[in-house]
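A.B. asks: These protein sequence lines map, in sequence, to chains L and G. The first sequence runs contiguously to residue 573 in the working numbering. The second sequence runs contiguously to residue 371 in the working numbering.
Read the hints as simulated data drawn from the structure, not as lab findings. Yeah, the Cβ is synthetic: ideal placement off N, Cα and C, and Gly gets one too. Be careful, since some hints might not be right.
[As the list claims (entries may be wrong)] Chain G is faced by these chain L residues, among others (derived, beta-carbon under 7 Å):
{"hint": "1", "residue": "Met-270"}
{"hint": "2", "residue": "Gln-272"}
{"hint": "3", "residue": "Gln-275"}
{"hint": "4", "residue": "Glu-279"}
{"hint": "5", "residue": "Gln-281"}
{"hint": "6", "residue": "Ser-297"}
{"hint": "7", "residue": "Gly-377"}
{"hint": "8", "residue": "Leu-378"}
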Amino acid sequence: MIATQGRQGLELLEELSRTGDGKSPLGCMQCGLCAASCPLGDVMEFPPRKLILEAMSRGLDRVLASPSLWMCVGCYTCSLRCPRDIELTDRLWPALRDRAMQQGFQPPAELQETFQNVLKYGNVLGKSPRQRLDWAKDLDVRVLDLSKEPRPVEVLWLVGCYPSYYPRNQVVTRAFARILTELGISWGVLGPKEKAIGECDRMFGEEGLFETLVEENRKILAQQQFERIVTLDPHAFRALQNFYPRYGVWYPVEHYTMFLANRLEKLRPLVVRPVEATVTYHDNCCAGRRAGCFEPPRALLQLIPGVKLVEMDRNRENALCCGGGGGGMWLDAHIVAQGGRRLSDLRILQAAQTGADILAVSCPYELSRFEDAAKVAGLEGRLKVRDIIELLAESMDLGERSEP
Amino acid sequence: MNIAVILRQVPDLIEPLEVDASGAALDLSAATFVVNETDDHALEQALLLKESGRGTVTVVALDFGEVDNTLYTAAAKGADRIVKVAWEQTQAPSPHAAAAPLAEALRTLAPDLVLVGVQAHDELDGVLAPLLATRLGLPYVGVIRGVKAAADGRTVVVCKEFPGAVMARLTVRLPAVLGILGADQPPRYVPVSRIRAAMKSTRFEEVSHAAGLGPSGIAVTRMAPPPAGARAEMLTGSEAEVAQRITELLAEKGLLK
Chain L
170 MIATQGRQGL ELLEELSRTG DGKSPLGCMQ CGLCAASCPL GDVMEFPPRK
220 LILEAMSRGL DRVLASPSLW MCVGCYTCSL RCPRDIELTD RLWPALRDRA
270 MQQGFQPPAE LQETFQNVLK YGNVLGKSPR QRLDWAKDLD VRVLDLSKEP
320 RPVEVLWLVG CYPSYYPRNQ VVTRAFARIL TELGISWGVL GPKEKAIGEC
370 DRMFGEEGLF ETLVEENRKI LAQQQFERIV TLDPHAFRAL QNFYPRYGVW
420 YPVEHYTMFL ANRLEKLRPL VVRPVEATVT YHDNCCAGRR AGCFEPPRAL
470 LQLIPGVKLV EMDRNRENAL CCGGGGGGMW LDAHIVAQGG RRLSDLRILQ
520 AAQTGADILA VSCPYELSRF EDAAKVAGLE GRLKVRDIIE LLAESMDLGE
570 RSEP
Chain G
115 MNIAVILRQV PDLIEPLEVD ASGAALDLSA ATFVVNETDD HALEQALLLK
165 ESGRGTVTVV ALDFGEVDNT LYTAAAKGAD RIVKVAWEQT QAPSPHAAAA
215 PLAEALRTLA PDLVLVGVQA HDELDGVLAP LLATRLGLPY VGVIRGVKAA
265 ADGRTVVVCK EFPGAVMARL TVRLPAVLGI LGADQPPRYV PVSRIRAAMK
315 STRFEEVSHA AGLGPSGIAV TRMAPPPAGA RAEMLTGSEA EVAQRITELL
365 AEKGLLK
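Make a model of the complete structure from these sequences and hints.
C.D. replies: Structure below.
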């Protein structure tokens with residue numbers, strides 16, 4: 170069942186050369202910048218450079234069987250630094266993982282469960298679709314469930330899996346509902362009809378699952394009338410902007426930092442309460458490094474009276490990933506077992522070095538990853554982790570207590 | 115070796131279960147279904163046996179719940195034949211009722227080995243695997259954790275747990291029915307693209323049954339959620355007050371000195 174031939178590697182790279190994004194992997198000149206930049210490259214049996222060399226020369230047998238195949242967390246650093254513009258993150262890794270699964274190699278167990286949850290329930294957490302709107306129970310603003318009351322809206326808000334279900338994230342979700350309402354925007358959500366967008370599944374090589382989600386979301390979105398999609402999740406933003414259009418599903422989409430930063434003048438008179446704090450911002454990988462959205466989140470933070478923004482040494486395109494993307498949320502145990510590390514444990518120390526009181530984030534995975542990391546580092550109470558939305562809501566007097 | 119595997123649908127406990135208007139059955143319209151967990155292990159064990167030698171795997175399932183999804187997944191994993199047995203009832207199959215049509219289908223297939231999950235969480239009137247063995251007149255061994263085929267092709271060696279931390283290896287003459295607790299390895303993951311391909315290429319063999327349903331020895335008169343315990347004390351107040359009360363309670367029970 171598990172057998173590959175020597176030529177398979179070259180054939181796969183040739184196939185990617187014809188169909189993939191970026192330049193051909195066959196143009197790799199073995200410079201090694203990818204491996205040297207990879208935050209887990211030191212513990213991978215096959216970091217990108219070696220992976221391409223092995224595929225070209227000896228085939229795929231060892232690559233597909235190696236635990237390092239399941240260690241990339243999709244931070245895009247290698248792709249952006251590659252002098253030959255080879256799309257390693259979005260194309261090479263997913264293609265190899267897909268090939269491995271097709272040949273019967275098993276992905277790490279936690280991730281299998283996540284895939285099955287997404288396929289069966291439409292969310293990564295394995296929760297009932299009927300509980301998608303539980304975050305809105307007893308909320309003081311009206312949440313329009315477009316699946317029950319379809320009507321034209323300005324903003325279709327795709328809430329996302331963690332923001333819908335995970336208690337820590339629900340605080341942010343409720344705050345964003347209040348901000349949208351305060352801004353006088355007509356908005357709605359899909360309620361129990363909302364499904365995962367599937368970016369992490371795609372990046373993890375589960376192409377069939379991604380295509381299934383695209384087909385389901387195509388039907389769901391086609392029933393609604395809206396001007397744009399807004400999402401809290403940079404991964405969903407990336408998929409809707411870059412990959413859904415390839416299946417003919419094209420809608421204007423913005424990550425919430427872009428959407429709100431385009432309304433700074435409307436926000437300015439509303440941010441009335443000072444938030445006296447030194448804040449450092451962690452750039453997420455999908456909206457940040459990959460899509461270049463560096464200034465909107467900073468503009469939002471600087472809008473808040475009292476906030477003093479300081480930068481980590483590694484910021485913007487050089488920011489260190491939190492380790493949660495590309496399926497990384499479910500790879501911690503695997504990566505640590507292979508001698509790797511939770512990148513959030515390193516990143517929290519970089520944030521602490523700035524002397525900041527608050528680490529501001531804009532991706533749903535980062536809240537729990539960094540709050541856990543703060544506990545591990547003994548920084549709990551000294552360095553708080555807050556979504557930008559929470560800080561805005563606090564300054565707009567719309568917040569709810571989310572101590573510590 | 116020709117192996118038959120029974121795959122059952124059970125209500126998915128992710129949704130809260132509700133009792134229907136009759137007050138004596140689950141409201142199945144509000145339920146979603148998944149494959150029974152130990153049946154999934156039975157399928158994995160069958161696929162491992164097939165891969166370790168020669169043989170075929172035939173999946174047999176009643177046409178109930180969301181069985182098609184389960185069957186396409188089984189085909190994608192490597193099942194050779196899929197037999198879907200008619201189930202015209204609206205209520206969920208109880209073990210006694212299900213045993214008759216499933217045994218009829220198995221008799222036609224005449225497999226060397228029948229693998230069934232050792233239990234299901236919705237079994238009300240007995241356990242399916244020994245009921246099938248009885249109807250087929252075959253030996254039955256349950257609570258099996260791992261099956262190896264013997265070289266002679268006429269026996270299998272099974273690992274069976276007994277109370278008192280005793281583990282036995284038994285040689286079982288074929289044909290036989292085994293109640294599987296766990297396979298030699300966890301059920302495999304199959305990528306969704308393979309399931310989608312199986313949806314296009316797999317043909318189910320749909321069979322009816324002549325003998326009718328098996329009689330059940332029980333009749334459900336009333337079904338209700340477990341009553342809430344009257345002795346639970348909900349602690350209210352500030353964190354400090356609640357913490358104080360917990361400390362007092364632990365001291366009252368003699369757990370704090």
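A.B. asks: Does each hint fit the structure? Answer for all of them.
C.D. replies: Cross-check of the supplied hints:
no.	hint	in the structure
1	Met-270	4 Å, holds
2	Gln-272	10 Å, violated
3	Gln-275	6 Å, holds
4	Glu-279	11 Å, violated
5	Gln-281	4 Å, holds
6	Ser-297	5 Å, holds
7	Gly-377	3 Å, holds
8	Leu-378	4 Å, holds
Hint check: violations occur at hints 2, 4; the rest are consistent with the structure.
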